[in-house]
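Participant: Okay, here's what each chain looks like letter by letter:
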Amino acid sequence: MLAHEFMRNAYLAGSFVALACGLVGYFVVLRSQVFAGDALSHVAFTGALAAAAAGIDIRLGVFLATIAVAMGMGLLGGRGRPDDVVIGSVFAWVLGLGALFLSIFTAGSSGEDGTAAVRVLFGSILGLSAADAWLAAAIALVAAVALLAIARPLLFGSVDPDVAGSLGLPLRAVGLGFLALLAVVSAEATQAVGALLLLGLLAAPGGAARLLTDNPWHGLTLSAALALGSMWGGLALSYAVASLPPSFAVIAIASACFALAALRSRLRSDLAENPQIDREGGL
Amino acid sequence: MGIELAGLSWNPLSDLGQLTEFPFMVQALEAGTIVATLAGAIGWFMVLRRQTFAGHPLSVIAFPGAAGATLAGLPLALGYFGACGLGALVLSVAGSGRGGHSGESAVTGTVQAVGLGLGFLFVTLYSGQLSELESLLFGTFLGITASQVQTLLWVAIAALAALAAIGRPLLFASVDDAVAGAAGVPTGALSLAFLLLLGMAVAATAEITGALLVFALLVTPAATAQQITARPAPGLMLSVGLALVVTWVGLGIAYFSPYPVGFWVTSISFGLYVAVRLLRAGLSRRNPEAPGAPA
Amino acid sequence: MEAIRLDEATARRGSRTVWSGVDLSVGQGEFVAVLGPNGAGKSTLIHVLLGLLPLSAGTATVLTERPGSVNAQIGYLPQRRSFEAGTRIRGVDLVRLGLDGTRWGFPLPAALSPATRAATRRVAEAVELVGAGAYASRPIGALSGGEQQRLLIAQALVRRPRILLLDEPLDSLDLSNQSAVAALVQRICKREGVTVLLVAHDVNPILPYLDRVVYFGGGSGIAGTPREVITGPTLSDLYGVPVEVLETTDGRLVVVGTPEPPAHHHPLHDHGH
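Protein chains in written order, with our numbering: chain A, 795 to 1077; chain B, 0 to 294; chain C, 4 to 276.
Here chain B is said to cover these stretches of chain A; the calculated rule only asks that three of the stretch's residues, wherever they fall, bring their Cβ under 8 Å from a Cβ of chain B:
(1) 823-835
(2) 889-895
(3) 911-921
(4) 991-1004
(5) 1040-1051
Just a sample of chain C residues kept apart from chain A, beta carbon distances all over 12 Å, derived:
(6) Thr13
(7) Arg15
(8) Lys193
(9) Pro229
(10) Arg230
The set of hints was computed from the structure by calculation and includes no laboratory data.
For clarity, every value in this text was computed on a predicted model and none was experimentally measured.
Yeah, the Cβ is synthetic: ideal placement off N, Cα and C, and Gly gets one too.
Bound-form chain A, shown alone (with noise of 0.2 Å):
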């Protein structure tokens, strides 16, 4: 399998980006931020449409427009999470955007453009050149380390903000420097598995490795493992299986692991026995 270069690019960077979307989606589960990468992918979607509309690279697109929506989360979310409607309307209206662009850019162009729509939508992982490959495993390399750098204080600042202000850390910073973390992350992962399946990469091995491990540090180590082994598993499944799409096949292996760590812990709940000691009772 690994003989051909279109899977050796694969594997490269499908490694990277899987390694950078376990550890940033440990903490995207862990802040309640799922909502954010839900809107982040829908604008990565458009931004990719745009740019190709526009004629410039596609991934300068995707990478400007997760960007910047991130920060403008990240700076009118200090005023209160607005209401459900708003954002879905937001957000509904982006991916509106992005039909439209995606027209222009089938309009415009010929022959290629259906498969670039779907390269968008659904990743491409299959189809990247080393310098692609080499370029895309950089760059999420980079994020993860960002992420390590500032795994401390991040988590500080998610469980505990009142003490850990108080203590004198940058929680407005940490919190936006996580945003921009996960626009880059969001960005990577659609080339990988696409922008409607990001969230999968994102959620799932988080939310698995939530479920397992009340020790944070184990967590974040378990979500990037059960990530990175989604993407190798995924992969080899789709080169073995021709007709699974490879970013089906990660997602799926990914929701596996979610779901039986979900019933592993529902049996366990199960099984314990849990008198039920009056709370406020004796310590």
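Given chain A, put chains B and C in place with the hints provided.
Facilitator: Chains B and C only, in chain A's frame:
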């Protein structure tokens, strides 16, 4: 979309005439009208009950439902309504996420991704073209058959009749769950019934707007109506009215324009919402004592 | 050196003066209660001492320094901080974050890092000190209110602070837990020589341990020993209305007649009152 679209003239009557020249367009308008009525009514309750957050995963399920039906050679309507009905049942078991809680959980995100991935798998398996994907995800008004219109009509009639039957207790339970329960309203059963109706509305809307853009027809016009008035009867009618306007104008413009109907529907819908919000904000700034100032 | 000092201090939030003309002097190792009804400014004092809210008049020093500059030597327990049942972080992790959570990077595994091993020991000591060893490794959301509070106190103690600021730690606890936690705080105060400022609604669980009391009300605050401050005449003076202090047969004090301060809503839009 290889149909030669006639150009817009400055005569609205002849433009309207053009619109209704082709049967596909007539069917699209009929389907749109039915869907908008259903969506406007159910959407109004959805916004009231602050269940909009539940609508997104439900609508996403429409995509693999439709794609799966095509793959299996089953009628499209079965795919749409079956998948959304099933999704509604699962949601009611898993907890319908009431209360406007914006914390989309890891589960919802994963389910969405899996649903979309499955849909993609099915489309790949029956070797659908990009245009298939586009119309399933972003809506279409071409290729709506007369039988589809029929199905939509019957589903809508049934759903609206059910809604009319349970409307008053549903309103009571939506606004004040605890008191309604104490007064003997079966709030649990009503919740389930409403979720099923919601599933039907989502499925029907997805046929026009595509699975990804359901929000624009199901939620946004209803939300706009609720910005204008909090009274139930006018609000409900306004919601339906706005949905109809969005659909007709959207379809009408899309006919003459090279751009997809999904874009027009979301833009008009969102534009109306923003306009009303801005108007309210502007009015309340002028007159702070006015009722209905934004909260 | 005094641990805490306020001179003619005035604190404002927005356009509202919370308290003014407050004088306070707390020596090291003292156990001080901060009392008063809701909205009188008890938490405001804590925020001033942490440097989170600047005084609009007067001076404040903490360990003879400007408030905010010595927060690393202060252990802080914010008000009403309870973790939802679903929060799955362990008590020990939370305590550990109190020690090094603001440092960048991530902790290396214990096998590789002496710093991690030292930190783990410190955390264990703090957990032992508060008597939470039995449940510190469980997810904090699964613990009872009293258990959570003990671990949160451990978090405040893990840096070996010189001052402990506890904002209503006894608030959500039942009576037996209140006295247990109060006794714990007293032990820490005396054994470790930590200055304790504890905000409370009800002085009685901590009354036997107090060196000093700060009572906020009527737009001001008065400090002194409990016997000086918690008396009818002193509190009547403070509030400007007749207040009585009654003593029960088992030595508890009941304050009767303090007016509730007006409730403060957040205005939806500014009518400019």
